[in-house]
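So the protein lines, in turn, are chains A and B. My numbering numbers the first residue of the first sequence as 7 and each following residue consecutively. My numbering numbers the first residue of the second sequence as 7 and each following residue consecutively.
Just to be clear, a hint being listed does not mean it is correct.
It does not matter which identical chain is used: a pair holds within one copy or between any two.
What the hints assert, rightly or not - Taking lysine-lysine and the BS3-like style, the derived pairs with C-alpha atoms no more than 25 Å apart in a straight line are:
(1) Lys257 with Lys184
(2) Lys336 with Lys170
(3) Lys335 with Lys231
(4) Lys209 with Lys113
(5) Lys335 with Lys355
By construction, these hints were calculated from the structure, which means they are not laboratory data. Since this is a predicted model, take the numbers as computed values, not measurements.
There are 2 protein chains.
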Amino acid sequence: MSPKSKRVEILSIGTELLLGNILNTNAQWIAEQLSQLGLNHFRQSTVGDNCDRIIKAIQEISKRSNLLITTGGLGPTPDDLTTEAIAKSFNVSLFERPHLWDEIKQKLSNSKLQENSSSLRKQCLFPKNAQIINNPKGTAPGMIWEPIRGFTILTFPGVPSEMKSMWEETAFEFIKNKFSDGYSFFSNTLRFSGIGESSVAEKINDLLNLENPTVAPYANLGEVKLRITARAKNDLEAKNIIKPVKAKLKKKFSKFIFGEDYDTLPSVLIKELARRNQTIVFAESCTGGLLSSSITSISGSSQVFKGSIISYSNELKNELLNISEDKLKKYGAVSEEVCEAMAINVKEKLGADWAIATSGIAGPNGGSEEKPVGLVYISISGPNKHITNNKKLFNSTRNRIEIQTLSVNVCLNSLRLILLSNSK
Amino acid sequence: MSPKSKRVEILSIGTELLLGNILNTNAQWIAEQLSQLGLNHFRQSTVGDNCDRIIKAIQEISKRSNLLITTGGLGPTPDDLTTEAIAKSFNVSLFERPHLWDEIKQKLSNSKLQENSSSLRKQCLFPKNAQIINNPKGTAPGMIWEPIRGFTILTFPGVPSEMKSMWEETAFEFIKNKFSDGYSFFSNTLRFSGIGESSVAEKINDLLNLENPTVAPYANLGEVKLRITARAKNDLEAKNIIKPVKAKLKKKFSKFIFGEDYDTLPSVLIKELARRNQTIVFAESCTGGLLSSSITSISGSSQVFKGSIISYSNELKNELLNISEDKLKKYGAVSEEVCEAMAINVKEKLGADWAIATSGIAGPNGGSEEKPVGLVYISISGPNKHITNNKKLFNSTRNRIEIQTLSVNVCLNSLRLILLSNSK
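My request is simple: use the sequences and hints to build the entire structure.
Dropping the structure here:
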């Protein structure tokens, strides 16, 4: 069977999804996994915890697809109906697997779970010829079952961590061997900063129609990525397919590309500062700790990050950062003069090679005609008393957290560009 | 027609959803809106930008439902196929609405968009008797169309901000008038801290089977909520239905409930400190700015928050917080002794009524047998030299960001409980 004819679907089961109580992150994660396997995943559905509706959905899918991945409804409560509904869809009975019951009891005694264990017994019921997917992180196993020729179902619990570890431990290899034709999709993502999605897309019109590799732009708040995806038999072949397109993009966008794949602006900066054996400190006002937090969220940040002063009040700008009351009065806390002094003074006081300071109006209140919401000053002080000042005016429709996040992005990207331009 | 027989579905259209490139936040948002309208929303589907597959999905849905909400595929590019596919599903032609074209040109000249305007002309094509849904935030209008008796389609673009403003401006009222029977669902959420989901669920077994109001538990990292939902003709009636259940829950869980609906731990704390006219400062080590950031993400935080010292290195713990080298050497930076001294000293140095200090091992590296990853000390120093020390050992399977987030939660909740116990 060619991979084109292997039709795959995802069915998410759970009333909480229909009520909008939780976001369906499982469907996205599985979709991405299937893409990597080169599988033709063409439809996703969501139904509630209702036996008849689950049966209806499964019967429909069995008529048009070869592989169905379900999530949710494997737990012990009365509204966990997935296995039962799947069996009923094909008029098959469920049988208890005694070794599973032993395993569950074992897991319970280890984890001191207080659950009513009799209800867990339901989780040991499976169709006779189903293969069990072990659940290393919970009590509910899944199954791999081919109820009719040419149609296979894999079931997973709705808890994301359990689903993912079951996928990685068992399902990935099974699907790869049984449903993939040996070709897989390999992606290499280039990450951009300091340039908007439309500007990136405009410049690569010719690449957006390529077939192998494909090039696709994605945008998040303050970040753009281009994902280059190759269909190939192995990593090496994929890299060779991706290589010329990647080289072209790197040449075209040069400094706008800050990294690849799992790189982030903080991780790239920490790596570069560590390579230079340099340290960094911050004086934060409007970003209120978010800049420090973006760095300390990365393991290994203590190699380069010494600490920060968050001087939210003018009093502390004066006391901790020695910004004179005169200066604060004359220019205001949100000014290039004060921000620059914050950067210079925090660098000296905390004894680092680099310092970044922020001062601005994150809103929604506190703006004026002269200094509107979205106005942010960023100063970077480096070795040799070199200072870079940056004034940003973010769109006032941005909310507080967006303005803080975008400000942090500008801080990190500005320092990255400074480091690039005086490479060591 | 009774509301029970009004069957509603959501169809999300976009290949990027099937590739797992983006999370389907639209479906969740619409699902929540439909719940509020008391509508029986029973299935969600996602298909790619493929005309035949969109047609197939729409024809299926038209046979089993009364109302279909679609998102995505209304843009100007060749893979935006939604309106065309809907028309083809019912063998109907599209006609240009000249006034829409004028509107789009107007919008473009205002926003200086650089798009190829001829491709935008496609967005003016609609079935003859469709009603237009104005798009206040973009160029692509949607439609309300009843292609066959008893089946209505509403279309929205995939851009969340555009979809939401169209929903709020036009769709909500339309759906309420045409599809709701006058009953709506009203929710009131109680928010918990310091107690796990299973402990909450165990204590309210009797309430989980109520029908009006319903009570449903949800859990996020470090937080549990119970949503009480009433079906009623108006707010007042709903409040009266919710009242006795809410009173029962408040009595049962008392201090574990920190707020309702849109309250967060930081927002509740800021409000309480502002009421007391008291200020707060932090000395952060392992939380690295996240505690400060959680407070400064809230508008109005400057009323109570003066600033923080983030002393990531031991050098700065010594220099900025006067923790003696002896103490650091004797007990280690991650110890109750050092954390307590950090809280006392930062409170004095920065001059506030309250101070919180954190010191711990967020991992994944840096743990030892004696001080494993997940060990976090939290000290709170208050008026009258009162000190509260807290030692936490988070599960070592938690990742770095989870340990930091949970630590911040404990900081905020511990202070909340202290404030509660010495009410002013």
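Each hint tested on the structure:
In this homomeric assembly, lysine 257 and lysine 184 never come within 25 Å of each other (Cα to Cα): the closest approach is 40 Å inside a single copy and 56 Å across copies. Taking CA atoms no more than 25 Å apart as the test, lysine 336 paired with lysine 170 passes in neither setting, with 57 Å inside one copy and 43 Å between copies. Proximity of lysine 335 and lysine 231 under a CA criterion of 25 Å is satisfied in neither setting, with 43 Å inside one chain copy and 46 Å between copies. For a Cα distance limit of 25 Å, the shortest separation of lysine 209 from lysine 113 across copies, 24 Å, qualifies, whereas the shortest one inside one copy, 56 Å, does not.
In this homomeric assembly, lysine 335 and lysine 355 come within 25 Å of each other (Cα to Cα) both inside a single copy, at 23 Å, and across copies, at 23 Å.
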